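A.B. asks: What follows is the residue order along each chain.
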Amino acid sequence: MAPASDLPEAAGRRLAEGSFSSGLSVPDFAACLSMGLEPLRLVQGFCAMQWGAYGGGILGGAMMGQPTPASGGYNEVYQCPHGFVTGEHRAWGQNYEQTWVESAWATGFSNALTRMVEEATALGAHGVVGVLDTETPLAEAGVAEFHLRGTAVRVEGAPAPKGDPWTTFLAGQRLAKVFEAGYAPLGAVATVSSVRVWANCVTEYALEGTGGLFAGGGSVAEVDQVVRAHGVARDLARTRVRAQLHGDALHGAELSVVAREHGSGDLEVQVLLKGNRVRRVAPFSPLPAPTLTVALS
Amino acid sequence: MSAPSPEPVDLKAVVRRAVAALDGTPSDTYPTTSDLTIDEELALHSIGWEPVELVSGVSIVSIPLGWWNWGQGEITAASEAHRHAFANAVTRLHREAARAGGHGVVGVRVEAVVRPTHVEVALVGSAVRPVGAGARPEAEVFLSDLSGRDFTLLSVAGWETVGLAVGSSFVFAPRRSVGTVLGQQTQNVELTNFTEAIYAARETAMARMQDAALALGATGVVGVSIDEGPMSFASHAVGFVAIGTVVRPGPSGHQRVAPMTVVPLDDAVVAFEAHALE
Amino acid sequence: MSDAPNDLPEATERRLEELERGLFTSDLSVNEFLLIKEVGFHPVGLVMGSSIYHTGIQTRKWSQSQELTKLTEAMYNARELAMTRMEEEAAELGADGVVGVRLDVNYYEWGKDAAEFIAVGTAVKAEDGVSRRNALGKPFTSDLSGQDFWTLHSTGYTPQGLVMGTCVYHIAHRGIGQTLSTTGQNVELPNFTQALYEARELAMTRMQDEATRLGASGIVGVRLEEKSHQWGSHTIEFLALGTAVAKGPDPVDLATPVTVISLDH
Chain R
1 MAPASDLPEA AGRRLAEGSF SSGLSVPDFA ACLSMGLEPL RLVQGFCAMQ WGAYGGGILG
61 GAMMGQPTPA SGGYNEVYQC PHGFVTGEHR AWGQNYEQTW VESAWATGFS NALTRMVEEA
121 TALGAHGVVG VLDTETPLAE AGVAEFHLRG TAVRVEGAPA PKGDPWTTFL AGQRLAKVFE
181 AGYAPLGAVA TVSSVRVWAN CVTEYALEGT GGLFAGGGSV AEVDQVVRAH GVARDLARTR
241 VRAQLHGDAL HGAELSVVAR EHGSGDLEVQ VLLKGNRVRR VAPFSPLPAP TLTVALS
Chain B
1 MSAPSPEPVD LKAVVRRAVA ALDGTPSDTY PTTSDLTIDE ELALHSIGWE PVELVSGVSI
61 VSIPLGWWNW GQGEITAASE AHRHAFANAV TRLHREAARA GGHGVVGVRV EAVVRPTHVE
121 VALVGSAVRP VGAGARPEAE VFLSDLSGRD FTLLSVAGWE TVGLAVGSSF VFAPRRSVGT
181 VLGQQTQNVE LTNFTEAIYA ARETAMARMQ DAALALGATG VVGVSIDEGP MSFASHAVGF
241 VAIGTVVRPG PSGHQRVAPM TVVPLDDAVV AFEAHALE
Chain A
1 MSDAPNDLPE ATERRLEELE RGLFTSDLSV NEFLLIKEVG FHPVGLVMGS SIYHTGIQTR
61 KWSQSQELTK LTEAMYNARE LAMTRMEEEA AELGADGVVG VRLDVNYYEW GKDAAEFIAV
121 GTAVKAEDGV SRRNALGKPF TSDLSGQDFW TLHSTGYTPQ GLVMGTCVYH IAHRGIGQTL
181 STTGQNVELP NFTQALYEAR ELAMTRMQDE ATRLGASGIV GVRLEEKSHQ WGSHTIEFLA
241 LGTAVAKGPD PVDLATPVTV ISLDH
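Residue numbers (our numbering), protein chains in the order written: chain R, 1 to 297; chain B, 1 to 278; chain A, 1 to 265.
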């Protein structure tokens, strides 16, 4: 967690100035006003994180041959079914969760979020709408910058906020409809899971297409070890997001998966899942069933 | 899809109440996750459905070496790997959806990549169910790559979505002998053997899609798209993949939807024009 | 062309048989599907035709604007072959027409001077069993979307056929003397104007001739496409495409459209 009020001095100056600024487009701005959300200021938070502590950056762990997965993470060993050892033959393979990548990511995102929320709190805002997030890897390996920004808003005619402002990736009509549907936004949620695949002989042959002898006699075959890594990474991301929901719903989720190949038989599956934590605060009043229209244009 | 709203809502009051309610007790409902937009969710709710969980299914199937070297006819290992990868990914999606208590998955996003040594298929979508309904056996879960909006509209018209139908065919382009090439240099001529090879490959992909649809008990397939072209890593090999959404009429049969003509005001209006001929 | 295969490939026959047994396929979106049903048609199958065609070589005179009749003929024949095969597939399904027709041209690395012409569309059949085929007794074709098809019907017109006209034209290069004498001036280049004008007129006239043959009363949705394909910048194909329509017998009341502003961007 970020220490209390570590905002740079320039931020304080910018926030103290009179006029409003916002990152909203004109339709989103209009929609905010129609909801009685008064835009106050563009607020933002940064955090640069490094996770190079594992012996030469991200590559280090696996290239040592025997990485030590952090305790508690997912870990599965794939033994060679052939029962012989040569210099070329990967008798031993493993899938393991890169918990250090995950925790660095979680810290980076939550620090940036906390700082953005702090700026909003300083303005007396009820919430932050239209949050955008970017994670930029900097030149040095294993370093990433997290940047979150959004528009702080005050709810017209509501008493001063008691707790921290809520945050949401949504803005404009989408947000208006979320309110209308009986939800209230709580927080922008994001999590990353990362699974490393150190291929055993069967997997390596299947991936390289050498097929034949070791990968199932030259026929097509599913690459179990990698498929499993994909499944587990998605499951981990979902379970972790669920833990952050505390019984609320995740709305408008976005799942993106990156599979990197660090070297021959050395893969990483990274899953980013983000969305809006929303709570049902009013019973759902169903809309009439839609009618089909044809536009004459 | 815009229905005339019965009465205007005091949105500002709704927002004020919602924000005030956040200070109350936390909700005790089962947490749902979904990648639906609010429009899709509202559309689904209008026919009594709700999202339960974001689900996915992945499969990677290897293709042994040597299949892409120039040959003749179909590259059967590639077609087979493609079929396997889709079938396995669909099975996993079914399983996840059923485990989450979904009756079906809507808005399935299909990502399929064919590489020289393997085919990767990833499916992601939101599991949905009639509001408050209990779980359904895995075999009865339906899949649909239609958006929540299209799903709603079909269901209003009395149709059910059943699943995805996929058919693929990978073939080698035929070769012309040097003599033929020279002989045809200056002529307008149809290359009939080329036409037949490519035509047949496309038809094969579509026929396989139809077989898959029939196996699912389809009455029809809508939204068929055919993705085709030379492989990026082997230009003499051409791939055809046909994907469509399998539908069948529900118990009440087709219902007329009686569309309404509208003139959108947020776009330049182009008038309907008939060119008279002499 | 006489050496065109008269039969559709074997895979086609098998696929069409399945469709005749009651399964339908279509590349229509859900909206389009429901609108087609609304008009009283039912989709019967996705149909297509293809032709891989080698275009011959025609010498062009550097400084003369002229139609390249050999290329025009090639472009027209190839499309016609693809369309005819698509119509054959539709006829085999007992369809009344084909909607949402798309004409595409594919080039492959391995086929020098050859291109694949494809026609794809959804064959439809009237639900009341009354034939809606065109004046020539063939299934009508049209490049209208489901939405446009529905709107056209509500005006009382029916599509008769997708009509096209094409003209491949070589536009003269200008001599150095000419270029120099006009440098720095704002002048019309009458030769260019005339060449482009004539090429477009030829393409459109040919399209209209096709429509007249179908006994149509007009053409809707005319598009004029200009493509250089692989011939260099001075040789251009002008392609005119549209759907020929005829007024139906029944008088129609057009519903007054409602004006809306949509809120989803």
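I should point out that these hints are in silico values taken from the structure, not numbers from a laboratory.
This one's a predicted model, so the numbers in the text were calculated from it and none came from an experiment.
Warning: the hint list may mix true and false statements.
To be verified - To list a few chain R residues with every Cβ distance to chain A over 10 Å, as calculated: (1) Tyr78; (2) Gln79; (3) Ala106; (4) Lys162; (5) Thr293.
As the list claims (entries may be wrong) - Computed Cβ-Cβ distance ranges for the label pairs, DEER-style: (6) Val258/R to Val9/B: 40 to 50 Å; (7) Arg260/R to Pro116/B: 11 to 21 Å; (8) Gly71/B to Glu17/A: 27 to 37 Å; (9) Thr136/R to Glu138/B: 38 to 48 Å; (10) Glu111/B to Gly163/R: 34 to 44 Å; (11) Ala295/R to Lys227/A: 24 to 34 Å.
By construction, the Cβ of each residue, glycine as well, lies at the ideal position given by its N, Cα and C atoms.
A.B. asks: Which of the stated hints cannot be reconciled with the structure, identified by number in ascending sequence?
C.D. replies: 5
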